[in-house]
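First to last, the sequence lines map onto chains G and Z. Mapped onto my numbering, the consecutive letters of the first sequence carry residue numbers 1 to 138. Mapped onto my numbering, the consecutive letters of the second sequence carry residue numbers 1 to 719.
Note that these hints are calculated values from the structure, not bench results. Mixed in with the good hints there might be a few duds.
As the list claims (entries may be wrong) - Below 27 Å or equal to it, Euclidean Cα-Cα: the simulated DSS-like pairs (lysine-lysine) are:
(1) K530(Z) / K116(G)
(2) K461(Z) / K116(G)
(3) K609(Z) / K621(Z)
(4) K424(Z) / K444(Z)
(5) K189(Z) / K232(Z)
Now for the letters of each chain:
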Amino acid sequence: MTSDKKPPPLVLVVDDVDHGREIFAEYLEFRGFRVATAADGLEAIEKAHELLPDIILMDLSLPGIDGWEATRRLKQDPSTSAIPIIALTAHALASAHDRARDVGCNAVVTKPCLPKDLEQEVRRQLAAARPAEGPAQP
Amino acid sequence: MGSVAHLDVLPVPRGGGSIGAKAKLSLVDALLAEHEVRPCALLALRWLARHTGIERALCLAVDPESGRLAGLTGLGVPPAAVDAFSLDLADRAHPLVVSLSGGEPVAFHDSGQTVPRPFETPLGHSSFHAVPLGSSQHLQQELGPGLLLLTGAGDGPVTEDVLWAAELLGTRLAALGYRRIQADERRHKRERSLLLAVIHAVTDPILLTDADGRILIANAGAETLLTAGEEKREGWRRAVALNNMLFSASHFTAESGPTRRELLLVDPSEGKELLFEVLSTPVAIRAGENGIVSVLRNVTDLRRATEEIEENYRRLRLAEAATRAERDRLDLILNSVLEPILVTDPAGNIVRMNPPAERMFTFPGRRNSEVERRVQANDAVFTSFVSNLYAGQSLRWRGELNLLDPRTGATIPVEAISGRVVSKHGEETAVVTILHDLTEAMEKALLYEQVKRHSEELREKVREATAELAEQNELLRRQAFQLEQASALKSQFLANVSHELRTPLNAIMGYTHLMLEGVSGAISAAQQDKLARVDANARHLLSVINDLLDITRIESGKMPVQVERIRLPELIDEVMTEVEPVIAGTRLAVTRSLPEELPDIETDRQKVKQIVLNLLSNALKFTPEGSVAIRLDHHGPAGEISIAVSDTGIGIAEENQKTIFEAFEQADSSYARRQGGTGLGLTICRRLASLLDGRIALASRLGEGSTFTLFLPANSRPA
């Protein structure tokens, strides 16, 4: 196996709130993931095209292009559509979660969320997405 | 009567006697035994007929009073002819008178030579002998007592026997004084015939009947009704027979005094019925025997006249009764009318009134009273009104009068309608006036006005009320809209609050977690302990926020219900697994019991689980020691499923058992806070149960424990 040589998965954390990005970014890096961040929807789309991360943690309430719209665009673009996106939101209403799933989010996690719970969900999504990655899989 | 004959008169040669003494003695004895003139004569004639050759005989006697020779009796001669024979003795030339006084028998022959003049005898054409009666001594003195005219002796001489018998009879007749008797008899006969003539002359039928009803004497009128010869026609005879029957049937013997009765008979000649008044009087007809004289008076015409009079009288009575009935009916009609009716004659006098009119126009009380004054006033008003009618030409007149109530003096407005009654001949006979009381009508009109006014007011009020109601409705609608908006805003606000609370809470919990995980480097035990408290409080805050959000969603109807078939034992297992760490932290004995057969139910799994979890968490929280039990039951085939959670905890006071389901209510808030409750759990449970068509019941006693039971429909399929 060459899994040890392969670089750890790249996680794109999108959140307009600084501490929202910082907590998860810090904890995931601490847990061995590579982490990139974006502060709004437009930046998230640019970073996703530029970096092609293994997974995206998408806050939904964002200035400008919000999380739902950004997800929709990323899922419609063939170059990014395969990247798993976990919606990470402070919205607790089912309607907000349903909309997130409708635009293509693979999972929805409600804030507040303990960092270790989030890590579990990230690993679950990466495991689910791996067979679909095909040539990317070592 | 006798026939005309031409006779020769010849002396009779006397012949010798041949009859024995015994036969002669028998004649003498018989004549002596007889004391009546006629029977004596008849005896002698019969003796002659028997003992000599004579065939017929006639005995003539001299009536000195009338101076005539008359028939006494006869043999072989009709009695009527005997009675009819009469010869004037003054006619001295008459052969019979000559022979009477000659003292010798004379023969009258039918030779026709020596007849001085023709005469008649009852013996007819035959030759006969005339033999004077009595002794020759007698005959010397005067005319003899009579003559025997005998025929059939032939041409032979009159025998000594004949002469002997003639002398004996003459002697006997003389002895009996036959002349006087004969005269009496003749007078009686005349009187009788006179009486009969009188009776017959009476036109009314008169009858004499014996005790048995047999007719003894009947005059012509009676004979017409009661007798009929063979010559009468059949109908006549039958009518007579019927009359006899009717008369006999009505016949009776009156002992004394006349009686009067009516009898219906038939006129035999015309067949009409005749009514007779029969006056019957008893009379003595013989010694010891009574008869009845009945006089029949024809009262047929009288009866008819009487009947006609009676009929006319009856018709008159009927007409009278009809008139009276008509009048009574008119009275009845007039009296039944409630409104006053007055009839006035052409002179203006009131001639008829019905009772209502009488109350207005008559005064029963004392004179000069107030009542009388009012009645007079009414009368004046009425008379003035009626005079209007007479002044004009119209047949009807209509007007309004003000009359006074005689008793109270109150003014009564009336409408008066008068009409002229004109006879067939155009003659004015009366004026009829009807008074119609307008008081009620006026009151009604007044009342109607009031009702109308009130109705208008009411309508106005209703209109105003309606307008107000519409305004209120509009206001309510606006308020409802605003409430809806407010509710939506509230929901939105709560959602926003939740979002804005979660974001910092995420930071608090996240950083605490990073520090506790040692991401930011090692921390001391004291720091770790304090960070754990931050974490616990952050978690509590999170559960409050979650509960608030749940309530908001339920109240705004935005809580989705997702029905699926679930198995309750599995669901209980899940719940137990989730609370396992909590149970492990207590010394409580937690048990559960399930019925042998429990059907699957269709409901929202997540919500049932949330409720049971909540109830069980509460039981664990509020039970310091003892036990907690979960019990499932199935109530009947179409019944309910119940999930009961019982504890031996602090219990809930009765006064708090109702409010415990209200938001932010807890039996002991300090204890609850210590146990980390939000105070919203039971509120949410109850509302979720309602969403699932179920309910939650509570049984509790303070200090002894509580049992919360969730009831769900066995086949729940919430709308």
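Now for the hints, and whether the structure bears them out:
1. K530(Z) / K116(G): Given that 27 Å is the threshold and the Cα spacing comes to 20 Å, the pair holds.
2. K461(Z) / K116(G): violated, 74 Å
3. K609(Z) / K621(Z): Holds, because 18 Å separates the two Cα atoms, which is no more than 27 Å.
4. K424(Z) / K444(Z): Since the Cα atoms of K424(Z) and K444(Z) sit roughly 42 Å apart, the hinted pair is violated (cutoff 27 Å).
5. K189(Z) / K232(Z): Distance of about 31 Å is beyond 27 Å: violated.
In this structure, the earlier hints numbered 2, 4 and 5 are contradicted, and the remaining ones agree with it.
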